[in-house]
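K.L.:
In UniProt numbering, the protein residues as written are 1 to 373.
Derived by calculation from the structure, the hints in this document are not laboratory data. On a predicted model such as this, the values are computed, not experimentally measured, just so you know. Where is the CB? At the ideal position from N, CA and C, for every residue including glycine. Accuracy of the hints is not assured; some may be wrong.
Said to hold, decoys possible - Just the calculated beta-carbon pair ranges, DEER-fashion:
1. G343 x S124: 17 to 25 Å
2. Q336 x L155: 35 to 43 Å
3. M190 x G290: 49 to 57 Å
To be verified - Below, computed lysine-lysine pairings styled on DSSO-like, alpha-carbon distance capped at 27 Å:
4. K74 x K152
5. K355 x K328
6. K254 x K328
7. K292 x K254
8. K340 x K328
9. K310 x K340
10. K340 x K321
11. K292 x K310
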Amino acid sequence: MYKALRYLGWPVLCGLLVAALIMQRYPQWLGLPAQPPLFEAAQAPASSRQEGPVSYADAASRAAPAVVSLRSTKAAKPGKAGDTASDRKGATKPVEELSLGSAVLMSHDGYLLTNNHVTLDAESIVVALADGRQTLAKLIGSDPATDLAVLKIDLPNLPAISVGDSSAIRIGDVVLAIGNPFGVGQTVTMGIISATGRNQLGLNTYEDFIQTDAAINLGNSGGALVDASGNLIGINTAILSGGSQGIGFAIPIKLAMEVMRSIIQHGQVIRGWLGVAVEVITPELVKTYGLKVDQGIVVTDIDPDGPAHKGGLRAGDVLVKLAGQPIKDGRLAMNQIARKQPGDSIPIEVRRQDKTVQVKVTVGLRPLMEKAR
């Protein structure tokens, strides 16, 4: 009897274990309520599983014909050793400095966008198109504050780039940089958008850069930054150092178009101006001026003949709100004022010592000289 039970014990035990496992994993088979899982991993939505194109050749071929190379020349500055050269007759002549860059054809009638530093002090600017044609360009105007310049050429059947929306770009979007690096010929490099709204880099007076890791080298300045469809979203402008370091900057096309339209229409960029120098609040400024607030921008200097002084602002005032919006970044606040038209009135909330003061300033025209704030 004991021997029989011993032989029967293992099958019975296995059966009980199987039954227990079934009750735990499949309680619905026995009419029992299902037990909730200990945890459930999040599932990616099907809509997020999108595959990008294997090749960006279509985008490159769409944009590349409208990207041209520039060769600008200017006389060497006098007083430098080697600033003259001898011709075959023994006479001397000034040595010309050569500058290479790129530009983007914005319209079929020949308007181009490029960088101001590419055309600065140029005596002649030669444009070389992707189809092999070459011609001299006329400088319509420039804007050192954004490092942009507008050129014009007169040739038939000119291509024009398709303009995208730089305000809709996102970090991680694929971009292509098209230009003429080192004068080797038109080159396309690929990367992503690394950041947007970059400022306080000390490159321009007005900064709102797109940062990208697409390789941008010397000679790419003024070239195109396009999206994965070949639409222009930026004008390549600067790199972190003298070579490709994976950190390049482009001017958003929305800003560049505003500058171009103003130059074509007025011969210069019309900007609003208050006539103040400001700094973002820091612990040092709080101590220096005895500030009672920790957010806003401090007026550190004021033009006695400027609109801000006439409107009642003083050095040491803290600008807290501009047109009803809190101020968190001084450069962005000045950019907002620059977009105003001269004659516009702008309300400013000011913290002056222990008092809150409401000031209304009539925006002036920003002077062209570099000292303008």
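K.L.:
For each hint given before, does the structure comply? Return the numbers of the non-compliant ones in rising order.
P.N.:
The structure conflicts with hints 1 and 7, although it agrees with all the remaining ones.
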